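Dock chain B against the given chain A, drawing on the hints supplied.
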Amino acid sequence: DARVTQTPRHKVTEMGQEVTMRCQPILGHNTVFWYRQTMMQGLELLAYFRNRAPLDDSGMPKDRFSAEMPDATLATLKIQPSEPRDSAVYFCASGFYRDFLGDTIYFGEGSWLTVV
Amino acid sequence: KQEVTQIPAALSVPEGENLVLNCSFTDSAIYNLQWFRQDPGKGLTSLLLIQSSQREQTSGRLNASLDKSSGRSTLYIAASQPGDSATYLCAVGASGNKLTFGGGTRVLVKP
Numbered sequence: 001d002a003r004v005t006q007t008p009r010h011k012v013t014e015m016g017q018e019v020t021m022r023c024q025p026i027l028g029h030n031t032v033f034w035y036r037q038t039m040m041q042g043l044e045l046l047a048y049f050r051n052r053a054p055l056d057d058s059g060m061p062k063d064r065f066s067a068e069m070p071d072a073t074l075a076t077l078k079i080q081p082s083e084p085r086d087s088a089v090y091f092c093a094s095g096f097y098r099d100f101l102g103d104t105i106y107f108g109e110g111s112w113l114t115v116v
Numbered sequence: 001k002q003e004v005t006q007i008p009a010a011l012s013v014p015e016g017e018n019l020v021l022n023c024s025f026t027d028s029a030i031y032n033l034q035w036f037r038q039d040p041g042k043g044l045t046s047l048l049l050i051q052s053s054q055r056e057q058t059s060g061r062l063n064a065s066l067d068k069s070s071g072r073s074t075l076y077i078a079a080s081q082p083g084d085s086a087t088y089l090c091a092v093g094a095s096g097n098k099l100t101f102g103g104g105t106r107v108l109v110k111p
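These protein sequence lines map, in sequence, to chains A and B.
All residue numbers for the first sequence refer to my numbering, where the first residue is 1 and numbers rise by one.
All residue numbers for the second sequence refer to my numbering, where the first residue is 1 and numbers rise by one.
So that you can see chain B by itself, here it is in the shape it has in the complex:
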């Protein structure tokens, strides 16, 4: 059974600092990995999708890497802003597009 872990559970950084969020998974036989953002009281917003054949994806200040062999993905957010404060979840995609979620990392960017 796939298990997805995100450490730390919470992170606080000053504005302008780069954010590094970690995600690890136990079964490397994945189809893809997706990073989401969740604001309080809201649904999940997809940030980046990395297919299993890819090593990384970039969108603006966001960059996500994937290392299947070690069971790890990292989300980098450059030059953090207070608006980046949210919970970030990674989800590993298996057969049939089913996603297994990590517990999330709650990020606070202080002005």
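Only chain A is shown next, with the shape it has when bound in the complex:
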């Protein structure tokens, strides 16, 4: 049963610390997304990649957030330094896109981040 895998599932960290979240997309998917979910803002797109190349990271605070895909099986989202307002659930999702048609997007279980 193919699924998107995220680690860590839960993270509590102190303000100012670096946080790295990892995602293994479904094998064969060419598009990977990072979303953030909060009660106030709902689900927001932070960044996404196609064939490992970053296509859009306009939703990300550039000064502290960075997203990379070092290889086809790993996507990372890093926050440095972390702040209490970064507390949220961070979801990774993957899908297959071709010829202007989008396929079903599959979400991981999320990384629940609390910054104190």
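Just so you know, these hints were derived from the structure itself, not from any lab.
This structure is a prediction, so every number in the text was calculated from the model and none was measured.
Treat the hints with caution; some may be incorrect.
Stated by the list, open to error - Here are some of the chain A residues that sit facing chain B, going by a computed Cβ distance under 10 Å: (1) 31; (2) 33; (3) 35; (4) 42; (5) 43; (6) 44; (7) 48; (8) 50; (9) 89; (10) 97; (11) 105; (12) 106; (13) 107; (14) 108; (15) 109; (16) 110.
Said to hold, decoys possible - When the alpha-carbon atoms are kept at most 27 Å apart in a straight line, the in silico DSS-like pairs for lysine-lysine are as follows: (17) B:110 / B:42; (18) A:78 / A:11; (19) B:42 / A:11; (20) A:62 / A:11; (21) B:1 / A:62; (22) A:78 / A:62; (23) A:78 / B:42; (24) B:68 / B:1.
Unchecked claim - Label pairs and their computed distance ranges (CB to CB): (25) B:76 / A:15: 42 to 48 Å; (26) B:17 / A:64: 44 to 50 Å; (27) A:14 / B:55: 50 to 56 Å; (28) A:10 / B:111: 30 to 36 Å.
Here a beta-carbon is modelled for each residue, glycine too, at the ideal position from N, C-alpha and C.
Only chain B this time, still in chain A's reference frame:
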């Protein structure tokens, strides 16, 4: 900028009643629309995907319709069960497979 709205934010129905969940979007130039289910503390599970050229999709007790011209989609869940209690989110797909989400409708099905 695409805006997606789901009304009501919460809904409570007795078991057996049909559920009707609404989703509206401001920009009709969409590629697809996807309905998700989210249980507390969990990720999102895809329920149905409707391509922009389609009018509806069905899966079991679920049926989703799409009217691009009016900017609306409706998710119908027939004969609701307590296990259908969850938050339902619609997401509009744009160029590049990017999804814009609505705020969700929290559903409670009472036994």
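Hint by hint, here is what the structure shows:
1. 31: holds (5 Å)
2. 33: holds (8 Å)
3. 35: With Cβ-Cβ at 8 Å, under 10 Å, it holds.
4. 42: holds (5 Å)
5. 43: holds (4 Å)
6. 44: Residue 44 of chain A check passes; min Cβ-Cβ to chain B is 8 Å, inside 10 Å.
7. 48: holds (7 Å)
8. 50: Result: holds, 7 Å to nearest chain B Cβ.
9. 89: holds (9 Å)
10. 97: With a closest approach of 4 Å, the residue 97 of chain A hint holds.
11. 105: This interface hint holds because 6 Å falls under the 10 Å limit.
12. 106: holds (7 Å)
13. 107: holds (4 Å)
14. 108: Constraint on residue 108 of chain A satisfied, holds at 6 Å.
15. 109: This interface hint holds because 4 Å falls under the 10 Å limit.
16. 110: holds (5 Å)
17. B:110 / B:42: Holds. Residue 110 of chain B to residue 42 of chain B sits at ~21 Å (cutoff 27 Å).
18. A:78 / A:11: holds (13 Å)
19. B:42 / A:11: Holds, at about 15 Å.
20. A:62 / A:11: Distance of about 22 Å is within 27 Å: holds.
21. B:1 / A:62: Judged against 27 Å, a Cα distance of about 21 Å means the pair holds.
22. A:78 / A:62: holds (11 Å)
23. A:78 / B:42: holds (22 Å)
24. B:68 / B:1: holds (16 Å)
25. B:76 / A:15: 42 to 48 Å: holds (46 Å)
26. B:17 / A:64: 44 to 50 Å: holds (47 Å)
27. A:14 / B:55: 50 to 56 Å: For residue 14 of chain A and residue 55 of chain B the Cβ distance comes to about 52 Å; the hint holds.
28. A:10 / B:111: 30 to 36 Å: holds (31 Å)
When the structure is compared with the earlier hints, no violation turns up for any of them.
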